[in-house]
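Undergrad: Protein chains in written order, with my numbering: chain A, 5 to 391; chain B, 215 to 505; chain C, 6 to 310.
It is worth saying that the hints were derived from the structure and are not from the lab. Remember, predicted model here, so these are calculated numbers, not experimental data. The beta carbon of each residue, even a glycine, is placed where N, CA and C say it ideally should be. Watch out, some of these pointers could steer you wrong.
[What the hints assert, rightly or not] Partial list, computed: chain B residues near chain A (C-beta under 10 Å): (1) L243; (2) T287; (3) A354; (4) L355; (5) L357; (6) F439; (7) I441; (8) S443; (9) Q444.
[As the list claims (entries may be wrong)] Dumping the calculated DSS-like pairs for lysine-lysine here, alpha-carbon to alpha-carbon at most 30 Å: (10) A:K278 to B:K265; (11) B:K285 to B:K265; (12) A:K126 to C:K75; (13) A:K196 to C:K259; (14) A:K78 to A:K88; (15) A:K88 to B:K285; (16) B:K265 to C:K167.
[Stated by the list, open to error] Derived list of chain C stretches under chain A, where covered just means 3 residues or more per stretch with a C-beta under 8 Å from a C-beta of chain A: (17) 241-247; (18) 275-284.
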Amino acid sequence: MARSFTRREFLAMSGAAGAGAVLAACSSGSTPSPSAAASSAASSAPSASPSSAPSAAASVGGPLTFLTWSDHFKDSVLADVKTKIGVDVQISELADNIDGFNALQGGKVYDMVSGDALWVPKYYDAGYITPINLDDFEVSSQLYSMAKTFDFWTKPDGYLAYPWGWSPIQIVYDPAHVTPAPTSWEVLIDTKYAGKVVMENQPTDIMLFAGVATGAVDVYNMTDAELATAKDWLTKLKPNVYKLVQQNNETIQAMASGEAWLCTQNLGAPDRIKDAGGPETVAFVPSEGTTGFIDGEMTIRDGPDTGNVRPYLEIAAQAEVVAQNFLDNGRPLWNEKAYQVLVDMGKKDQADRYLYNQPDQALKMRLKGPAGNTEAYVNAFNEVFGG
Amino acid sequence: MARGSDVLELMPVSPYARLVRAGLRLWALVALGFLYLPVVLLVLFSFEDSKTIGFPITGLSLRWYLGLPEKTTLIGAVANSILVAAVVAVVATIVGTMAAFPLVRGGLRWPGGVRVLFTMPIMLPGLLIGVGLVTFVFGALKLRSLGLLPVVAGHLVLTMPFVVLIVAARLQGFDRRLEWAAEDLGAAPPTVIRRIVLPLIFPAILAAALLSVTLSIDEFVVTFFTIGSQVTLPIYIYTQIKFGVTPEINAVATLILLGTVLALGLGYASVRAGRWALRRIRGRGRLEEAY
Amino acid sequence: MTATPVAPTGDPTTDRPVGAGQRRVARLWPFAPAGLVLLLLFFIPLGIVFVYSFWTTNGSFQLTPDWTLKNYLNFFSTETYLRTFAKTVLMAAIVTVVGLLTSFPFAYFLVRYVGRRWQRIALLAVIVPFWTSYLVRVYSWQAILGEHGLINGLLLQIGLIKEPLDVFLYNDVGVFIVLLYLYFPFAVLALYTSLERFDFTQLTAAQDLGARPDQALRRILLPQIRPGIITACIFVFIPILGEYLTPTLVGGTKGVLIGNLILNFYRGGSFPGMAAGAFLIAAVVLVLLIAFRRYLRIEDVVART
Chain A
5 MARSFTRREF LAMSGAAGAG AVLAACSSGS TPSPSAAASS AASSAPSASP SSAPSAAASV
65 GGPLTFLTWS DHFKDSVLAD VKTKIGVDVQ ISELADNIDG FNALQGGKVY DMVSGDALWV
125 PKYYDAGYIT PINLDDFEVS SQLYSMAKTF DFWTKPDGYL AYPWGWSPIQ IVYDPAHVTP
185 APTSWEVLID TKYAGKVVME NQPTDIMLFA GVATGAVDVY NMTDAELATA KDWLTKLKPN
245 VYKLVQQNNE TIQAMASGEA WLCTQNLGAP DRIKDAGGPE TVAFVPSEGT TGFIDGEMTI
305 RDGPDTGNVR PYLEIAAQAE VVAQNFLDNG RPLWNEKAYQ VLVDMGKKDQ ADRYLYNQPD
365 QALKMRLKGP AGNTEAYVNA FNEVFGG
Chain B
215 MARGSDVLEL MPVSPYARLV RAGLRLWALV ALGFLYLPVV LLVLFSFEDS KTIGFPITGL
275 SLRWYLGLPE KTTLIGAVAN SILVAAVVAV VATIVGTMAA FPLVRGGLRW PGGVRVLFTM
335 PIMLPGLLIG VGLVTFVFGA LKLRSLGLLP VVAGHLVLTM PFVVLIVAAR LQGFDRRLEW
395 AAEDLGAAPP TVIRRIVLPL IFPAILAAAL LSVTLSIDEF VVTFFTIGSQ VTLPIYIYTQ
455 IKFGVTPEIN AVATLILLGT VLALGLGYAS VRAGRWALRR IRGRGRLEEA Y
Chain C
6 MTATPVAPTG DPTTDRPVGA GQRRVARLWP FAPAGLVLLL LFFIPLGIVF VYSFWTTNGS
66 FQLTPDWTLK NYLNFFSTET YLRTFAKTVL MAAIVTVVGL LTSFPFAYFL VRYVGRRWQR
126 IALLAVIVPF WTSYLVRVYS WQAILGEHGL INGLLLQIGL IKEPLDVFLY NDVGVFIVLL
186 YLYFPFAVLA LYTSLERFDF TQLTAAQDLG ARPDQALRRI LLPQIRPGII TACIFVFIPI
246 LGEYLTPTLV GGTKGVLIGN LILNFYRGGS FPGMAAGAFL IAAVVLVLLI AFRRYLRIED
306 VVART
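Let the hints inform the model, and build the full structure from the sequences given.
TA: Written as structure tokens, this is what we have:
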């Protein structure tokens, strides 16, 4: 055993690192803990020890755990909520609807979760959410009336979600490199643009695009024949896509840096690309039609602090907050009063450009939802994008 | 035994050997360069002024570092990571060390098979472990409001096998005559373990504990599935990447690196100082036999 | 308490006779906590997922226990999954081989030509990058391999190319380079440990007896460090089979491994599909572990830290 010379070494290094870790752990018990004194962004307050429950059950004043997308909240608003009603809002990031579903199905606990149009009824059917009565929400008077009466969200025992925003999926392109001006999904499979397309890595969504592009009757329940056609389209798409990203920020970055010339995005992308230092881009809705989302906030059935949902929304869904959200993210929302706020801010042009005051457009989209025979969709996607 | 410092070995006897040695040295430098290139860039980009990580570098600034203390989420994430790592290291070390004894000293009928069982958590896809834990804890047992406990559980599964196998390896070649001598002198078995065996295998235990800390702090895949609304550092970094990668995460990573290297350096320096002091007190040459 | 040693062979680690039956049980108790941890937090959860892999999901993504093999059979129904799995095996094999070839000279140099103190420092230097965040390191590779990255910048500067090349990133090449980078230290450590135990005077003796240097290496050194080589292979090859994060970050659409396809089931809402795929990989891993169980020497790979 000729390790004597290294054992002292181990002792030294291990002791130092171990002691350091223990000391750090001791001192971490006194790092900023949720308290009224913490006035800065309270979006995620750490609990001091892993074995203590984060909150008492179902009490206003406990943290509101919210599983949502990054464009549904803003740190400054959360801080405002904390100051006004003393509620900590803890955000967990959602990448896509299925992640929320998987989390709840796996049994994780939240108070609120965001979801898209036709996913919401699935949450309801699975028994994860409680419907709400919009009249209980004062701020709901600011909503467009059509947002309160979506038939896919109306159930006998209430309304399934508090409406937030909407957007069709558009194709965005860089006119300096993409000519002539495209009008159809076919531009994405044009061999001229090999390696210049960037999309988000959502297998079901990409299958839906393929379905729309190839004229499937019901993109959510494609027949085997339609799936095969969609697969062929995707096979032509694959060499054009250089990267499938995890979040839409990466799409914007890729377009801004010039790595990509074409992408699929929500409304507002050209402005966001410009803000990120990129070139002028043009967005359009393809002639074959498109998918789109209407999203809202759902209240979870067994959430420990769902009593906080309404007070939170009364602040976070106000017109001023929503107007700022539009300016930050570029896609329209369901708060009608916010449009007036935007006009008063001098942003009427931008609001009109991104269809803020044309909410009826929302129902012309094929609304986002889960696929019927999901395994077939995943298999089709895998067959194309497999190694 | 390899004698790297043997003078005869260092004197190449032919131009061929000299060439080989020079070539090997060059290769070693290339390999180290390969290993450190991303690290160097990581540190470099933490000082760059523009909001996007990468070339070209338009200017240098400290702003990403200066902005860090305000990010309570980040500080919370670091605190959570350290806390989880500490708990995991302690539990894994205790449980793993205990298990190493029966593994080596009989009592287990198929030590080879047990070894395979213990290696499985390390070799199976982390995806499976993460999904399994979530399904079991939240789905089957329907436990709620556990905070960081599932994360600790996941890391425990990943690190405990290392502890068991490292300590077992050290125990394998342990000179049991020391124990028998102690017993002959009248010590009861627990005392023997406590005062003879454990102190002597302590470096291996500490090495295993250190490894647990290292693995836990940067663990991502299993943590991703088991995390609740609190975040650990790798999850925070991943979230930030989604927001739009800014050099802020480089600043965080650089600070972590700095901290670990400093801790190591301090440990090494303190041991050398201790050894030097002891040598002055006790005289040369006898210290090597203490281990 | 003391039993009479019977015919000691002189090996102090094994001479003591094992106790009687009840002593064996009494000796097993320290194993209980670890066994419990493994059972509760590993085997039972895995067992549950295993059961789910035989179920299906209905339209609302609820697991329904209509027992079926179709989740498993699905992976053999088209050539996609077999093809991607073969590609994953190939990628793992190439990374292993290249990793061994590149780390062997490094480890050899350290053991043979470097003083002990510098050996330790060099080993530490190999480990230190592990203390930076994995994600940030992989992101740094994007800055090296990407179109605006270091390599392209250099090539453009010296005029070798006119336009940035996109062959280094978002494909198999990028995945290969980053995987090699991530697993190189394991290979170095395993080889170093086993090289360190080797008596190099044997090589001198062989050369005295007339062997050429390369013959001496091949016929004396390599067979004796074979366990180290196999350990290195295990710790590089097997984990790569389950890799999905690296391909996600640097693989683009062309550098996809089987782990990504399995994850797509999870992201598509088909839990049983994912479970079946993951267990198929697990089965392969288990077979390899059992086949090479004598070489599972974790201590050789990580105790050097």
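Undergrad: Does each hint hold? Answer for all of them.
TA: Evaluated hints:
With 10 Å as the threshold, the beta carbon of B:L243 stays out of range of chain A, its nearest partner Cβ sitting at about 23 Å, so the hint is violated. Interface hint status for B:T287: upheld, as the beta-carbon distance to the closest one in chain A is roughly 5 Å, under 10 Å. Proximity of B:A354 to chain A holds as hinted, the smallest CB-CB distance being about 8 Å (cut-off 10 Å). For B:L355, the interface hint holds, the least distance from its beta-carbon to any beta-carbon of chain A being 8 Å, beneath 10 Å.
Hint status for B:L357: holds, given a least beta-carbon distance of 8 Å to chain A, under 10 Å. With its C-beta approaching chain A no nearer than about 8 Å, B:F439 sits inside the 10 Å limit, and its interface hint holds. For B:I441, the suggested interface contact is upheld, since its CB lies about 8 Å from the closest CB of chain A, less than 10 Å. With its C-beta approaching chain A no nearer than about 4 Å, B:S443 sits inside the 10 Å limit, and its interface hint holds.
Among the interface hints, the one on B:Q444 holds; its C-beta lies about 6 Å from the nearest C-beta in chain A, closer than the 10 Å criterion. In summary, the hint linking A:K278 to B:K265 is supported, as the alpha carbons are separated by about 14 Å, within the 30 Å threshold. For the hint pairing B:K285 with B:K265, the CA-to-CA distance comes to about 17 Å; that is within 30 Å, so the pair holds. This hinted pair checks out: A:K126 and C:K75 have alpha carbons roughly 24 Å apart, not beyond 30 Å.
The straight-line distance between the Cα atoms of A:K196 and C:K259 is roughly 18 Å, inside the 30 Å bound, and the hint therefore holds. Straight-line distance between C-alpha atoms of A:K78 and A:K88 comes to about 15 Å, which keeps the hinted pair within the 30 Å bound. This hinted pair checks out: A:K88 and B:K285 have alpha carbons roughly 21 Å apart, not beyond 30 Å. Restraint check: the Cα-Cα separation between B:K265 and C:K167 comes to about 27 Å, which is no more than 30 Å; the hinted pair holds.
Three residues within the 8 Å Cβ limit are the bar, and the stretch 241-247 of chain C against chain A gives 0, so the coverage statement is violated. With 3 residues carrying a beta carbon less than 8 Å from a beta carbon of chain A, the stretch 275-284 of chain C meets the three-residue requirement, and the given coverage holds.
Hint compliance for this structure: hints 1 and 17 are broken, all remaining hints hold.
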